[in-house]
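Novice: Each chain, letter by letter, is given below.
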Amino acid sequence: MIRLENIQVGYGHCVVAAFDGDLAFAKAKFISIIGTNGSGKSTLLRAMASGQHLINGNVFIENKNWNDYTAVERSKFISVVLTERSFSHFLSVRELLELSRAPYTNYIGKLAAEDHEVINEALESFDLKQLENRKAGTLSDGQLQRVLIARAIVQDTEYILMDEPTSHLDINHKADLLLQLRDYCHEHGKTIIYATHEIQLAMSLCDEIVSIHKGSIAHETISDFVKSNKLQEIFPSKHVAFENGIVQFKFDS
Amino acid sequence: MDALFGLENPQTGKTVRYIITELRLPRAIMAILTGAGLAIAGLLMQTLFRNPLAGPFVLGISSGAGLGVALVIMGATALGIGAISGFGIITASVVGSLVVLLLIILMSLRIKDTMGLLIVGLMVGSLSSAVVGILSYFSSSEQLKRYVFWSMGSLGNINWADLWIIILLFFLALILLIWIIKPLNALLLGESYALSLGINIKKTRWIIIIITSILAGSITAYAGPIAFIGLAVPHLSRLILPTVNHKILIPTVVLLGATLLLFCDLVSQLPFSNYSLPINAVTSLLGAPLIIWLIMRKRNLHF
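Just so you know, the protein sequences line up as chains A and B, in that order.
Those letters in the first sequence? Residues 1 to 253, by the numbering used here.
Those letters in the second sequence? Residues 1 to 303, by the numbering used here.
Mixed in with the good hints there might be a few duds.
[As the list claims (entries may be wrong)] Computed cross-link-like contacts, DSBU-like style, restricted to lysine-lysine with a CA-CA straight-line distance of at most 35 Å: (1) 112/B with 110/A; (2) 135/A with 112/B; (3) 27/A with 203/B; (4) 129/A with 29/A; (5) 64/A with 202/B; (6) 202/B with 29/A; (7) 174/A with 238/A; (8) 202/B with 135/A; (9) 214/A with 112/B; (10) 129/A with 110/A; (11) 227/A with 214/A; (12) 135/A with 247/B; (13) 135/A with 203/B; (14) 247/B with 190/A; (15) 247/B with 202/B; (16) 247/B with 76/A; (17) 112/B with 64/A; (18) 29/A with 64/A; (19) 190/A with 64/A; (20) 214/A with 27/A; (21) 110/A with 203/B; (22) 190/A with 202/B.
Simulated from the structure, these hints should not be mistaken for lab results.
Bound-form chain B, shown alone:
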């Protein structure tokens, strides 16, 4: 790795070495994993719900993480606890998304209808937002600012130890994903036809929920609710390569998601200046016009 960056040169300062291996490299890898992971999660949700507006967070995962973080940042002072560390925020985010996920998975045992699950996910999201709203109303401007910063997303707050956890989970999700490529394609025919083709819908739905949870949950825990990538990248892929076959679509969204978020992160650093923009603002600023332009050109948006 040292050779790759020309760091074997003893003249290179220790600082430069530290910046590259401990700050820039983890950040770039995080951008790649986040872009790819959220794009996969978004694709799965769009296929499962047969809805072009579905994204990785329709099941309420980001709202759950947001609630956890809000509780820690804004609720902590109410309990008499002082300043909360970055580690505390990550823990809160992990716990928040896990709680929502368990809730969704428990309810999916009872809900037979896929659309019902979608609505439950949206309701859980609204519930969390409402609690966050109440908490914000009673909190100080300093706390509010911290929460807003978290909700704008960040790829930089990551160390190697945490990164390895995400890499591990990412590959776990990929293995599960290969297992359900065929059922995913069959789902394109609608649930009734998929059922008649011998596809186990229940099992497939479970695995889809688990993969989405692993990816969106772990990413949101560390990077915050990164907007737009999960919704837009599957559409971009289908517009660029006119296919809906998941065998082709999955590698495409992985590549496209990773590239897009890396690029957005690059832009967010505002080259040649000391300022940096929140990543969520950049993903939407770049992504939204791109999607609009593609739709204007192709004149349709399918899923």
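Here chain A stands alone, though its shape is the one from the complex:
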């Protein structure tokens, strides 16, 4: 379980979002973080992943303070999918996945048979088999996004934090991928927490919703969240309406 205690996240001394009390994320849950641009979705994710941008409060994983883990221990609990892409474009897809087994390999990074198995499985399930020898620089944005998600799965952690994992994907691939990730959570007992702008998909697939509105964080089950009808409040526009978690656009012509 990830437990956040009285957290305040932000930059320098400027608090972007906060929560009084305990925020707890159980295992085998598919959880999305929603909120407007700049509300602190990514900041909250980073605070959980690395303690970056955590101004106050504590993060506990399996009831142990995050600061008391070594870097390698941490890397076996939390993996990340980031929006930044500063990796070498000369890496092939397979090499990229191989490097992500770093927490389990020896000092020189030698891969065992089990590592290859995990990698092959991920290549298979994310439909990347035919891309495995392609260089990262030659992939389309959507393909690369799938590679980065497979990368996090290959790291084989209890918790996966994703920052907008479905950006750059086509609508059909968005739906397929999110469903696949939800099933992965439920089948393997893993927890995925992801920040997203895809409200309707989040409403129909997630178990729990973390919403950030005007600097305060809320955490509810999906049914409670839909009932409370907060969406209209969080995303106010006269051209968008939310009914039972379904998004409708209204333009007078």
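Use these hints to put chain B onto chain A, whose structure you have.
Specialist: Just chain B, lined up with the frame of chain A:
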């Protein structure tokens, strides 16, 4: 070793023996160490800064050595000291690069951002160049000539005692290098991902700086600022063997760097003549067209 060169033949003159063991052999070994060492340093800098234009001297090491040498050659007369020996120049070069290195390492304690470190290195380089420029302006043409000669690099001014120091430092750097192969590969994913994979970025950055300092510092001290090899060899390796895995890349740059500089040194001797060219001119003359040709063929240059 004598058998290797056919020197066991008593008829072989003492002079020939001296030329081979005291001049040619140290020079060849120096070329091998310089080529390999600068190539490793360049590779490390390119990986650390994720920048294809980085080379072994981006942290200002050669500029520091240059400043030291300039101070000794051109500043000495101002202080009333007469002619400066070759030994004085080497000492100045060692001290110069050491001072810059310590400065960079001290600042890297405070600078968290890797790109910030790169810019600081470039600034230190510009600062040293500016001081060298001022010194040159006020110095005599004879002094200027000596400085220019040093800055063109030379593999010949080395004796066995100095060579052993470089060999020792080279192997020290290699041991440190094996230790960070895994973090180096993880850095290819970018610092954020490397961090999430349990890599200690701070420690890795430190070791990279130390290895680069040992290699580039000691080599520049004795051979002068050898241009081009450090920047070009990592690219050549990646173009020849299409991989970025440091387990393969490091042995490749070592071999390629050593071969390339040996060859350049051979060319610089201008066979069948008594003339020899400055090594820096040869490395660039041969290397630059090679890189351009490879890029034209492969159409891209990654790091």
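Novice: Now tell me, hint by hint, if it's right for this structure.
Specialist: How the hints compare with the structure:
1. Annotation: proposed proximity of residue 112/B to residue 110/A holds, straight-line Cα distance about 30 Å (limit 35 Å).
2. Annotation: proposed proximity of residue 135/A to residue 112/B holds, straight-line Cα distance about 30 Å (limit 35 Å).
3. Restraint check for residue 27/A and residue 203/B: the C-alpha separation of about 33 Å stays at or below 35 Å, so the hint holds.
4. Proposed proximity of residue 129/A and residue 29/A is supported: the alpha carbons are some 28 Å apart, at most 35 Å.
5. A threshold of 35 Å between alpha carbons decides the hint, and for residue 64/A with residue 202/B the separation of about 24 Å falls inside it, so the pair holds.
6. Taken as a hint, the residue 202/B and residue 29/A pair is honoured in the structure, with Cα atoms around 34 Å apart against an allowance of 35 Å.
7. For the proposed pair residue 174/A and residue 238/A, the alpha carbon gap of about 26 Å is at most 35 Å, so the pair holds.
8. Under the criterion of a C-alpha separation no larger than 35 Å, the hint pairing residue 202/B with residue 135/A is consistent with the structure, at around 28 Å.
9. As the CA atoms of residue 214/A and residue 112/B are separated by approximately 31 Å, the hinted pair is consistent with the 35 Å bound.
10. Note on residue 129/A and residue 110/A: the hinted pairing holds, with a Cα-Cα distance of about 22 Å set against a maximum of 35 Å.
11. In summary, the hint linking residue 227/A to residue 214/A is supported, as the alpha carbons are separated by about 20 Å, within the 35 Å threshold.
12. The suggested pairing of residue 135/A with residue 247/B holds, with an alpha-carbon distance near 18 Å, which does not exceed 35 Å.
13. A threshold of 35 Å between alpha carbons decides the hint, and for residue 135/A with residue 203/B the separation of about 29 Å falls inside it, so the pair holds.
14. For the hint pairing residue 247/B with residue 190/A, the CA-to-CA distance comes to about 33 Å; that is within 35 Å, so the pair holds.
15. A hinted pair counts as satisfied when its Cα atoms are at most 35 Å apart, and residue 247/B with residue 202/B qualifies at roughly 21 Å.
16. Pair hint residue 247/B plus residue 76/A holds up; C-alpha atoms about 24 Å apart against a cutoff of 35 Å.
17. For a cut-off of 35 Å, the pair hint linking residue 112/B to residue 64/A stands: about 27 Å separates their Cα positions.
18. Distance restraint check for residue 29/A and residue 64/A: the Cα-Cα separation of roughly 20 Å lies within the 35 Å cut-off, and the hinted pair is therefore satisfied.
19. The suggested pairing of residue 190/A with residue 64/A holds, with an alpha-carbon distance near 18 Å, which does not exceed 35 Å.
20. Between residue 214/A and residue 27/A the CA atoms are separated by roughly 28 Å; this keeps the pair inside 35 Å, and the hint holds.
21. With a C-alpha separation of about 21 Å, the suggested pairing of residue 110/A with residue 203/B holds against the 35 Å cut-off.
22. The hinted pair formed by residue 190/A and residue 202/B meets the criterion: a straight-line CA distance of about 30 Å does not exceed 35 Å.
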